[in-house]
Structures are given as C-alpha cells and as structure tokens.
Amino acid sequence: MLEEKAIKPLQASIVRNQRLAVDVYHLILAMPEIAVKARPGQFVMLKVAAGLEPILRRPFSVHRLNRETGAVEIIYQKVGKGTAILANRKPGEEIEVLGPLGTGFCVGHARHIGLVGGGMGIAPLLAVAEQAVGEGKEVVIFLGAITKDYLLARTEFSKLGPLFVVTDDGSAGEKAVVSKPLAEYLQGHSLDLLLACGPIPMLKALAAIAEAQRIKAQLSLEQNMACGIGACLGCVVPVKADTPAGFSYKRVCHDGPVFWADEVLFELPAKMEKQGGCGLE
Amino acid sequence: MLEEKAIKPLQASIVRNQRLAVDVYHLILAMPEIAVKARPGQFVMLKVAAGLEPILRRPFSVHRLNRETGAVEIIYQKVGKGTAILANRKPGEEIEVLGPLGTGFCVGHARHIGLVGGGMGIAPLLAVAEQAVGEGKEVVIFLGAITKDYLLARTEFSKLGPLFVVTDDGSAGEKAVVSKPLAEYLQGHSLDLLLACGPIPMLKALAAIAEAQRIKAQLSLEQNMACGIGACLGCVVPVKADTPAGFSYKRVCHDGPVFWADEVLFELPAKMEKQGGCGLE
Amino acid sequence: MSKVDMEVQLGPLKLKNPVLTMSGTFGFGREHGQYYDLSTLGGVIVKAITAEPRVGNPPPRIAETAGGILNAIGLQNPGVEAAIADELPPLQDLRRQGTLVIGNVSGYSFDDYTLVTKKISDSGLVDAVELNISCPNVKGGGLTFGTHPETVYKLVSTVRTVCAVPLIVKLSPNVTDIKEIASSATEGGADIISLINTITAMVIDAKTRRPILGNITGGLSGPAVKPVALRMVHEVSQAVEIPLIGIGGIVAGVDAAEFLLAGATAVGVGTANLMHPLAALNIVQELQWFLEDEGIGAVAEIIGGLILP
Amino acid sequence: MSKVDMEVQLGPLKLKNPVLTMSGTFGFGREHGQYYDLSTLGGVIVKAITAEPRVGNPPPRIAETAGGILNAIGLQNPGVEAAIADELPPLQDLRRQGTLVIGNVSGYSFDDYTLVTKKISDSGLVDAVELNISCPNVKGGGLTFGTHPETVYKLVSTVRTVCAVPLIVKLSPNVTDIKEIASSATEGGADIISLINTITAMVIDAKTRRPILGNITGGLSGPAVKPVALRMVHEVSQAVEIPLIGIGGIVAGVDAAEFLLAGATAVGVGTANLMHPLAALNIVQELQWFLEDEGIGAVAEIIGGLILP
Ligand SMILES: Cc1cc2nc3c(=O)[nH]c(=O)nc-3n(C[C@H](O)[C@H](O)[C@H](O)COP(=O)(O)OP(=O)(O)OC[C@H]3O[C@@H](n4cnc5c(N)ncnc54)[C@H](O)[C@@H]3O)c2cc1C
Ligand SMILES: Cc1cc2nc3c(=O)[nH]c(=O)nc-3n(C[C@H](O)[C@H](O)[C@H](O)COP(=O)(O)OP(=O)(O)OC[C@H]3O[C@@H](n4cnc5c(N)ncnc54)[C@H](O)[C@@H]3O)c2cc1C
Ligand SMILES: Cc1cc2nc3c(=O)[nH]c(=O)nc-3n(C[C@H](O)[C@H](O)[C@H](O)COP(=O)(O)O)c2cc1C
Ligand SMILES: Cc1cc2nc3c(=O)[nH]c(=O)nc-3n(C[C@H](O)[C@H](O)[C@H](O)COP(=O)(O)O)c2cc1C
Ligand code: FES
Ligand code: FES
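Protein chains in written order, with our numbering: chain C, 1 to 281; chain R, 1 to 281; chain B, 1 to 309; chain Y, 1 to 309.
These are computed hints drawn from the structure, not numbers from a lab. A couple of the hints might just be wrong.
[Stated by the list, open to error] Quick list of simulated restraints, FRET-style, between CB atoms:
{"id": "1", "chain 1": "C", "residue 1": "Leu20", "chain 2": "R", "residue 2": "Cys106", "range": "23 to 31 Å"}
{"id": "2", "chain 1": "C", "residue 1": "Pro91", "chain 2": "Y", "residue 2": "Ser109", "range": "55 to 63 Å"}
{"id": "3", "chain 1": "R", "residue 1": "Lys81", "chain 2": "C", "residue 2": "Leu20", "range": "31 to 39 Å"}
{"id": "4", "chain 1": "B", "residue 1": "Leu278", "chain 2": "Y", "residue 2": "Arg210", "range": "25 to 33 Å"}
{"id": "5", "chain 1": "Y", "residue 1": "Arg210", "chain 2": "R", "residue 2": "Asn66", "range": "49 to 57 Å"}
{"id": "6", "chain 1": "R", "residue 1": "Cys106", "chain 2": "Y", "residue 2": "Arg210", "range": "34 to 42 Å"}
{"id": "7", "chain 1": "Y", "residue 1": "Arg210", "chain 2": "C", "residue 2": "Leu10", "range": "32 to 40 Å"}
{"id": "8", "chain 1": "C", "residue 1": "Asp23", "chain 2": "Y", "residue 2": "Ser109", "range": "47 to 55 Å"}
{"id": "9", "chain 1": "R", "residue 1": "Trp260", "chain 2": "Y", "residue 2": "Lys179", "range": "44 to 52 Å"}
{"id": "10", "chain 1": "C", "residue 1": "Gly170", "chain 2": "B", "residue 2": "Gly295", "range": "54 to 62 Å"}
{"id": "11", "chain 1": "C", "residue 1": "Glu33", "chain 2": "Y", "residue 2": "Asp86", "range": "26 to 34 Å"}
Computed from a predicted model, the values in this text were never measured in an experiment. The C-beta atom is built at its ideal place from N, Cα and C for all residues, glycine as well.
Looking at chain C on its own, in the form it has when it is part of the complex:
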C-alpha cells in the first residue's frame, strides 16, 4: 500500500442508483481508474454531496467490478443522513470518490472457498466470488438476511456455486442464522478458506467454527471512519498483540477492512473497556 501511489479523489458519474428493497439501493459508478485498480474486499469513500453536509465521506465496499466498462458497483442501505442523501442522487450526476482503499480479500492458493454473508455484508462477497470462480476455484455461498428481499444478488451468486440461504423470518430458506447451514455443510465437506462479512455476532460465530475446524478465515469489519486513508486512527478495532495492554488497535481503513479471523478481538480486555485518558486530543 505504501509503495503504490494513491489515486487522488476523483469525480465519478452515477450510471445508476436504483432501489432494490425498501431501504437498499444499487449504485453503479463509472470510474475506470478505480475499476482497474480495485481488488475485491476493498472499499471507496463517497462524498455523498458537495459542501459541508455531511462533513465526512461515507465508506462502501466494492460489490462488483467491471474492468471492461470501468463500472464499480455498490449496494448500500439507507440508514442515516448520508445514505439518505446518496439515495436522492440521480444518474448522470457527478459524485466525488476516494479509493480504492484498504486491503482486499486474499484468496491465495485456496481451492475450496466458503463465502459467508449476513445482511449488507453480502454486498462485498460478489466481487471476490466472481474473481475466485474466474481463477478456476470452487466457491460455496452461504447467505443470511432478515427477509428474502435482503438476500442481495441472490441470482448472481447462484450462478457461481452451491448457494445456501437462510432468513430471520423464513421467507426464504430455513429460519436460522447463516452459521447453521455452514456448520452443516462442513460436516460433509471441507473448505480451505472462509471469507465473511456481516454483523459482529455472525462473524463471532464464524470465527469459532473456523477455529474449531482449523479453517483459515478472513472477516471484513466496519467502524466509523473519518479520513479513510489511515491518518487519523479513528477507525480502529482491537486485535490480539503482545503489547503491555495485551492487545493493540488496527485501522479498518488501512490495515483492513479484511482481517484474519484469528487476530480479531471481539471483546476488549475488561480493564481496557474505558481507558479514559485524553478524550480531548
């Protein structure tokens, strides 16, 4: 990362910004520089509107990459002010994009890859799935969501490998959490890599399974961000480390968003819960 010169923020034009579910949108941006450079698992930061409202860019994972057309696809959920503004942007308009940012998924020599997505965490998995299949690897996909409407890109995934879906309301697949079909699958089959994105409880369950079955796993994490480039130390998550404190913080934007499951700390060592100190920098 440090070597390669970063791409300066650039204006991308909105090709499409279409609603997929009640509060979920599919955004397609034309930005060749980023499309060619981006790797699955990386993210971009969007300045949803010019001016000071909001002040900060918003991070979104690359959902799909098309190097030929130069299109970068994003799927986002309207959860607050910034995404509400984004949802009102129209095709043809320009939007300032910073990226690609962060580490991507690292598939390496793995042959049999399990992809596990929960909720909006499904979004970043399509790009890596398509890449892996393109490289002749086998992928098995496990998706979970609140209802079937939130099983994003279901059709695209079904073309890439065996697909197992679950929902909270049973509107599609079993009424269960996504770790269940995964655990069941692993009773009969083996996988040599797990790539996952989703809510913390899901990632936690997954990390446990991965550890028990000795499968390497990569998790894509989220954290509130400011700069997105590693400068402010604002977006950290705790990881195992033999520091005096017994752990250290890594930056989701720069050291992540993809981390090895076995380095992630899902809880802070009790004594660190609140270090206090200089809240005022």
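For this one, chain C is given, so just place chains R, B and Y with the ligands on it according to the hints.
Below, chains R, B and Y with the ligands without anything else, positioned relative to chain C:
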C-alpha cells in the same frame, strides 16, 4: 399584519430558474397562496436547500406577481453560498417558501409616481409599476446599473411609462448615477411619489432630492436576516426617533423592507457607532 | 394527540410538555403566535428585559456560520416598565391554558438584576424568572457575571431575596468549569438551571477585512453547538441536584430526546425558531412520535436515562 | 507558481508558506504523503508523542456533528522511543526541502512532558516542539493542564529549560479567559502559541441511549468551531507579543486569510485533512489565489490586518 393570519411555510415548485446575466437569475415559483396575498414591495424567504446548509432562509423581493397563474417571480444575483445553491436548483423541484413578508410599497392616492432602481434594486419595482399602471396611475422609470446587461426587465418597464437608463460604463444610456436623470426630469416635471430600491449611496442621494423637492419617497432597504418574521430583532436599520439615544431601530423584515425616506437614518449618531454592551445575549 | 404522557415536573414548575421556546428567538410570542397556537408549548421564555429601554447593537446583528449562526442583538428591549405594561399582558391568556410564561432578566449591575426581577415577579405576569448572567458586569470591570463562581453566588442569592416566583439561572458556556458555576448558582438559591447560552465567537469578511457583526463579536448558537451543550448538560446534571433546562442546537424531536437522556428535565428551542416559524411546535410533535416509536409511555421516563459504558 | 510572496517569519521559525498540518490529522505524514508532495507545505505537525506507547481509546473514536466532527483517539502513539526510531526519520527529507517538521508532545505529568520534549528536541529530528496542554494532569487531580494559568506557567517554564528548539504552546479553548492562559504560556517562555485545540463535547444516540464515542466525550473540531477559534485568536493576538498559529475549522484558503487577518502569523489545518486528502495543498493554493485577486504582494501584509469599527 398582526390581525391577518400568516401563511405557514409551504413547498412551491420551481417553474423556471434561468440565467439572465453573468450572475443574475430569473426564478419563477408556482405558489398561488402567496401570489394572491403578496403586495408589491413585499418579500419571501427561500430555504434554498433542505437540511442545514445553509441554516437560514434567504430573503428575496417579489419581482412580479401573476395572480391568475399563481406565479411569483424573483430576480436574484449569485453573490454567495446560498444564491449559488439556489442557482443550481432545477425546474420541477420543490423549494420551501415563507411569505409574503414585510410591508409593501404604499402608492395610495399618488398619481404621478417616479420609480428609481439601482442594480438588483431594479427587481422589486416591476410589480409595483405594473400595479400602479393597472390602477390608472402614471409612472416614470429611472434605472441604473453597472452595464446594460444588468438593466433588468428593461423591456417590461419600457411598456409602462417613460424610461430613463444610465450605466456605470455607458454601455446603455448616459455614464452616470441614476439620481442624475431623476434630478434633470424633476426640473421640467413634477412627481408626487418616489419609490426606490438600490445601493445605500443611491438611496441617500435620492432621499436628499426628495427632501429638497418636497416629494414623498419610499425606500426598500436590506439587512442580514434570520427569522424574517420580526421575532429576533436581527435585521434592524436605524430610524429617527426621540428616544434617549436620539434614534431607534426598526426591523427590515417586519416594519420594512419599505420605509419612508424621511425616517431613515443613513448614519448612526456618532456616539452609537459601537454601543458594545452584551454581544453575548 | 399522542398516548405518550408529555408532562414533566421542572422543580416547582409543572410543564404540559418539556419544550420551551428560548429567550431572544421568540420575541414576546407575538410573531410566532401568528403561525401557530402557542398553548401547544410547555412554555415561552420572552426576550431579555432590562431596567431601562435599550436600542441594542448596530447592524449587522446576524451572521451565518457552518451549522450555526452568530447574533449580537445587544439586548434591544423596551425596558421593564414597558414590558410589564405592553408586552407581558397579551401572554396571560397562554398562562390560563397552562403554558408557562417566563421572564428573561438581563442587567449590567446587581441593582439592575434585582430591580427588574422584583418588578416582573411582583407584577404577577410571569410564572418564573430566568436570570441571563451572560452579561458584562460594568461595575465589576466588564467581566461577565456568569463566568465567576463568587459573583454568580452573590448575584443569585441577592436576586433570590426579591424573587417571589421560581428562579431559573441561565449559564454561560464560556467557562473553564461549568459544574463549578452550576454549584454556585444552586447554593445561591436557584430553583432551576438552564444551559447553554451562546458561545462567544467572531466572523470576518476577508475581502472587506472587517468583522461582519456591528458588535465585532457575537454569540454562536444552533446545531453547531449541540455537542458542546450536551456535554455541559451531562456534566452539570451529575454535579447538582436541581433540575435542568437543556438548550443548544435543538432543531428536531430527537435532539430534544438527547438532552433529556443527558439529564435535562426540559429543553429550550432557540435558533430553530428562526429557521422555521413552526419549529418548536414540530419538535413537540416529533418528540412524541420518537417516544411512541420507542414504546415509552411518559417522557419523564427518559430523563437522565443515558447509559454509560 | 504565484507572484505572491508566501513566506512568513513565525518567531524564530521561517515558513515557506503559512500553512501547517495539525497534529493528529496527518499521522506522521506517511498517508497524506502518498497523495501529494508534502514539501508544498509550510510545515507538518506530527501526531501526539507520549513517554510510553499508548493503545488509545476504545472505538468508536469518531462521530460526525453539524459542521464538525468529534474525536476521542486517546493519543494512540508508539511512544517517544519508537517515534524517534521509526516515525520521525522518514520526515527528514522534508526538512531538507525547507518544510518544517514539528513534534507534538503530550503527557500526564510534568515529568512526561519534560522527558518527551528533551528526547525529541535532542534527537535533532524536529524543527520545533508543540506542547499539547489539553491533557489531564493525573497527579494534579485530573484537571487539564491547559485550563489553569499557574499550571501552564509552571509547565511551560519547566519544559522550556529542556527544550533546545523553538517551543510552541497549544492552548485549549475550554477556558474562561484564553488571554490569561496565553499570557502565562508567554511568561513561561513559549516562543509561539497555537490555538485552538478541540472543544470538549458529547454525542448521544437517542435510540441506544448511549454516547456514540467509546470515550463518552470527545473533542469538537471542524468548520463548526471556526467562529470560536477566530474570536480566541483575535483576543490572544491583542494580549501577547509572541506570534500565533491560528487553528480551527480551516477548510479553504479564505478561512486561512481570516485567521491571518485576526492576528495569526501561520495557520493550522486539521479536520480538513480528513475530509479531503489534498485539503492542505489546496488551501495553500487557494490562499495564494485569494491574495492575488486582492492584489496583495506578500501574505505577511495581511497578518493582523483586521479593520475594527
Ligand atoms: C469498510 C466499510 C465498508 C462498508 N460497506 C458498506 C456497504 O457496502 N454497504 C452499506 O450499506 N454500508 C456499508 N458500510 C456502512 C456504511 O458506511 C454506513 O452505513 C454509512 O456510513 C452510514 O452513513 P449515514 O450517514 O447514512 O448514517 P449515519 O448514522 O447518519 O452516519 C453517522 C456517522 O456514523 C458513521 N457510520 C454509521 N454507521 C457506520 C458503519 N456501519 N460503518 C462506518 N461508519 C458508519 C457515518 O460514516 C457517519 O460518520 C461500510 C462501512 C465500512 C467501514
Ligand atoms: C428584504 C430583502 C429583499 C431582497 N431582495 C433581493 C432580490 O430581489 N434579489 C437579490 O438578488 N437579492 C435580494 N436581497 C439580498 C439577498 O437576500 C442576499 O443577496 C442573499 O441573502 C445572499 O445570500 P448568499 O448566501 O448567496 O450570500 P452570503 O454572503 O453567503 O450570505 C451570508 C449571509 O449573509 C446574508 N446576506 C448577505 N447579503 C445580504 C443582503 N444583501 N441582504 C440580506 N441578507 C444578506 C445571507 O442571508 C446569509 O445569512 C434581498 C435582501 C433583503 C433583506
Ligand atoms: C437571535 C438570538 C437572540 C438571543 N437573545 C437572548 C436573550 O435576550 N437572552 C438570553 O438569555 N439568551 C438569548 N439568546 C440565547 C438563546 O436563548 C439560547 O440560549 C441559545 O441561542 C442556544 O440555543 P439554540 O442553539 O437553540 O439557539 C439569543 C439567541 C439568539 C440566536
Ligand atoms: C482526529 C483528530 C486527532 C487529533 N489529535 C491531536 C493530537 O494528538 N494532539 C493535538 O495537539 N491535537 C490533536 N487534534 C486537534 C487538532 O490538531 C486541531 O487543533 C483541532 O482539530 C482544531 O482544528 P480543525 O478544526 O482544523 O480540526 C486532533 C484533532 C482531530 C480531529
Ligand atoms: S478513518 Fe482515519 S485512520 Fe481510518
Ligand atoms: S430577521 Fe428576525 S426580526 Fe427581522
């Protein structure tokens, strides 16, 4: 004002928002409630964009009223953040409007009315000119601007009565200030009312002429505003009054924007230049 | 109407709902009263009242900043006599409908404060007096009353003796330790504390090289100050026993809820009244809706309900 | 390049232009260095350095507010030894190109400050030391060093004795009288004063009823604080003789011009670096353009040029 119930802020749709000169735009809003209620010389406050940027509404005088179509016309100059945002708004979009606000011009029984406009101060005069002519009165129009491009609505005015124009660069009419043709006109003719809007130096010269010639004159003034409804005392101008201080402040938004020339104080009594006191309310 | 019980007990005062409109942003209620029925509010705090009439500061008095506004009105008001004769009487009908009317008292000396407080509290025209102590103490070398614990204690205890109605002390945020000031006001006999007033600030026009405000400096208010106000309300709520009115950048029902959670018993709406004439009315409604969505039966339940790690 | 002379003399320091990037928003220059050539800047003030390594505060550490952001990073840094060994050396090339590299020193005791200051000033790796006195004085009962004149005087004069390079003292805005603090810092031997640091604030999520920041409170910065910063810079410029670095909400060249007019000799860009990686570079350029448009030959000409009524 206190008796008649105020019109709540309402959404008007933008019929047209077209550029007239380098930085001057013609905005037409469809808002029947306001079109029927508004009087020439009153103003509206526009929330140029939803959200908090900018925080405050922007005041604009009514340029023209069409009670039949329910259209209210405004001419505005792009001078800063708010007007820049306004200039980007598109026909068909909704914009929140508060108004009509303030006092209008009061033509009363005057028969021969002189209208004097400088720069953007030309804008509010068309509505009152059309109304006066409609009521069978005679109007004489004096317009001044930096160049001919800024002689707004020149054709419309020319249909209403004798029109005298001057510019700073001589690109139209004489190279002079607008008080000159007025003074010259008054040597051969008489007027029983002057209505004026424009930069302070122009209004000052005009007030002097009006006083010398004993012609009643009404001036439309500007001041930075917040509420626009008279509640915050933010938009005041000094007027003559026999208070201990020797003057008092009136609200442009509520007591104005139209004031009698002979009550306006163009300078503060020296001792009042800075009263200091409680800047922090 | 909502099923949520919106009533709160603000020390000695009962409010039909916790939303008050703040001094200087609501005049004496006349203007906003044209836009909606003010009896929908918990209370109205009127424009500052001083001993003598004041013309106020030279314009411009208002400037806009990122997320906020600056004002330097200079306490323009007709003086206590005229306020009692002309401004407060029209508000009495509101009081009969259970909406509180509160006088905001400002001054430049102890005598000013005591004189004005005594007159309006004796007039029987207000339900409470709010002391605006963010003014310069002329005899005390021009330093703001509200920034020195000793002075605050002295001022409040002096005024207390002549104030027949509940006394609200409104704190200035321009201090090192707001808890200390709050404690002094409490010891001085305040029944209620309101905070925050505006933060002293300045805006400059780089082209003219001049300050934009006629008064050079002014007070910052609006959404920009909300996080500072929330912090101060939370600090003070842990330092004193008396109830608080939380003020600063409230423009929506959820903002009001945040202040209640931080420890305020009521909230004050200021700048929002200038952004939209119906702001305070909408905030009452939005707060009700928020509480309904959260399944809360009475607004009082969330007061001080902030959960700390 | 512009015809405008952008050089300024900041007390003992010569700057190629008045724009510095502020501590904590620019790391040790690595990240932004990927986006542009940092030698275009007047100087770089690195992330806080403490005696021991610090892991920092629990996340979330960033929250957004109207016109600003809150941060509570908790001074995460590798400690002075690692800073000297790994972080400062890569910046030396910048110094050779005439862009200053300034260390930001933070601590929890007098010993912390003196130790860190001595080490980095002796290391020869920095052109100046900036003392961040907005930290709690652990031995002094947790009160912030920077809010008490006495403490500020003592701290600065103590550190001064071990500081071989120019000493910048960075003031906290969370005080009643910033002039008083500035004077104490000056008497203590500061060469330069920088202000403002962040304003203590809090944000609450009304639905979860919890503070958004892991540290509960954080520091407000960004455009929202600019008017407060401008006021304080102007006040301090009239109270002390030493030069000032004006900081607070600068996101454009014209903002920088406002601070210079208010009396600052240089300006610091913080939050803007997080909003746009090229912010500081753009601000240098925009400031040049502004001066050209105004027909000003040298930026130094507008310093303190504010015209008062
Ligand atoms: C690396 C990364 C990748 C992401 N990819 C996606 C994606 O592909 N699709 C998608 O829908 N969402 C994604 N998110 C979450 C998305 O960034 C947030 O939902 C969004 O920033 C919320 O902004 P808002 O203004 O609408 O919400 P608000 O709650 O109004 O935002 C307020 C503040 O909180 C921050 N914030 C709130 N939630 C999050 C969050 N979960 N992560 C980071 N910052 C947050 C915002 O940036 C803003 O600063 C991703 C987050 C990260 C860190
Ligand atoms: C009663 C009245 C009628 C007006 N009619 C017109 C009109 O018909 N056409 C037109 O082009 N302009 C008119 N103006 C001026 C217009 O309101 C300002 O040009 C506009 O508010 C500038 O906003 P801005 O954000 O673009 O400028 P900025 O300078 O960015 O505004 C910053 C702040 O200053 C205030 N402000 C700046 N200039 C003025 C001003 N001259 N008057 C009031 N507030 C100001 C803005 O409202 C805002 O709060 C009128 C002003 C008033 C008071
Ligand atoms: C235009 C204006 C005038 C004000 N006048 C007064 C006043 O006379 N007395 C007072 O105590 N506070 C006054 N204030 C402060 C407000 O009452 C309130 O405390 C402050 O604005 C913070 O709240 P807000 O952010 O909701 O505006 C005034 C504020 C504004 C914006
Ligand atoms: C994320 C972040 C981290 C900061 N860290 C430090 C720090 O370590 N030391 C320090 O003195 N100031 C620190 N600050 C304060 C800034 O240097 C600056 O003084 C403040 O943000 C105001 O300027 P701004 O409005 O341009 O951001 C930090 C600010 C931010 C936003
Ligand atoms: S967002 Fe600044 S370091 Fe990650
Ligand atoms: S703008 Fe508030 S009184 Fe005129």
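Hints, one by one, checked against the model:
1. Against the hinted window of 23 to 31 Å, the Cβ-Cβ separation of Leu20 (chain C) and Cys106 (chain R) comes to about 59 Å, which falls outside the hint.
2. Between Pro91 (chain C) and Ser109 (chain Y) the beta carbon distance is about 59 Å. The supplied range of 55 to 63 Å therefore holds.
3. Checked against the given bound of 31 to 39 Å, the beta carbons of Lys81 (chain R) and Leu20 (chain C), roughly 35 Å apart, stay inside it.
4. The beta-carbon spacing between Leu278 (chain B) and Arg210 (chain Y), approximately 31 Å, falls within the hinted interval of 25 to 33 Å.
5. In this structure, Arg210 (chain Y) and Asn66 (chain R) meet the distance hint of 49 to 57 Å, their C-beta atoms being roughly 54 Å apart.
6. Range check, Cys106 (chain R) to Arg210 (chain Y): Cβ separation about 58 Å, and the 34 to 42 Å hint is violated.
7. The hinted range of 32 to 40 Å is satisfied by Arg210 (chain Y) and Leu10 (chain C), whose Cβ atoms lie roughly 37 Å apart.
8. The hinted window of 47 to 55 Å between Asp23 (chain C) and Ser109 (chain Y) holds, with their beta carbons roughly 51 Å apart.
9. At about 46 Å, the CB distance of Trp260 (chain R) to Lys179 (chain Y) agrees with the hint of 44 to 52 Å.
10. Checking the proposed 54 to 62 Å range against Gly170 (chain C) and Gly295 (chain B) shows it is violated: the Cβ atoms sit about 25 Å from each other.
11. For the hinted restraint 26 to 34 Å between Glu33 (chain C) and Asp86 (chain Y), the CB-CB distance of approximately 32 Å keeps it satisfied.
When held up to the earlier numbered hints, the structure conflicts with 1, 6, 10 and fits the remainder.
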